[in-house]
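Trainee: Based on the sequences and whatever the hints tell you, model everything.
One point on numbering: in full-length UniProt numbering, the residue at position 80 of the sequence shown is 80, and numbering is uninterrupted.
Among the hints, a few may not be true.
Mimicking BS3-like on lysine-lysine, the simulated pairs with C-alpha atoms at most 25 Å apart in a straight line are [as the list claims (entries may be wrong)]:
id : residue 1 : residue 2
1  : Lys40     : Lys50
2  : Lys50     : Lys36
3  : Lys53     : Lys40
4  : Lys36     : Lys53
Hints listed in this document are in silico derivations from the structure and should not be mistaken for laboratory results.
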Amino acid sequence: MASFSSIWLFVLQTEQLIQLAFAFGCLIVAVVALIKCIPKNAQRFDIAFKRTKGFWLGMTGGAVVLALLGALGSTPFGLIFPVAAACMAMVYLTDVNPAVSE
Numbered sequence: 001m002a003s004f005s006s007i008w009l010f011v012l013q014t015e016q017l018i019q020l021a022f023a024f025g026c027l028i029v030a031v032v033a034l035i036k037c038i039p040k041n042a043q044r045f046d047i048a049f050k051r052t053k054g055f056w057l058g059m060t061g062g063a064v065v066l067a068l069l070g071a072l073g074s075t076p077f078g079l080i081f082p083v084a085a086a087c088m089a090m091v092y093l094t095d096v097n098p099a100v101s102e
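Mentor: This is the structure we're talking about:
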């Protein structure tokens, strides 16, 4: 029979793997948002009243950096950075990208 400490170690390792998978998922979403933002025409952002292209490049680029920090585990804040990155990227993907697409 397994001891309590070995079961607890298994649970902690499983939790870390789930958090890592979630952080990498957030990183993928942020990278997709950045890749979709780069080729857009800057005038389309003004026409659609969605701030500027530079603003959204900064937001999606910042989302990639935050998600990367969370995926590398170099932050003591746990999953806050990847969640914030996913939120920033999803705002672009769901609201801004359809408005500026032709």
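Trainee: Could you work out which of the previously given hints the structure breaks and list their numbers from low to high?
Mentor: none
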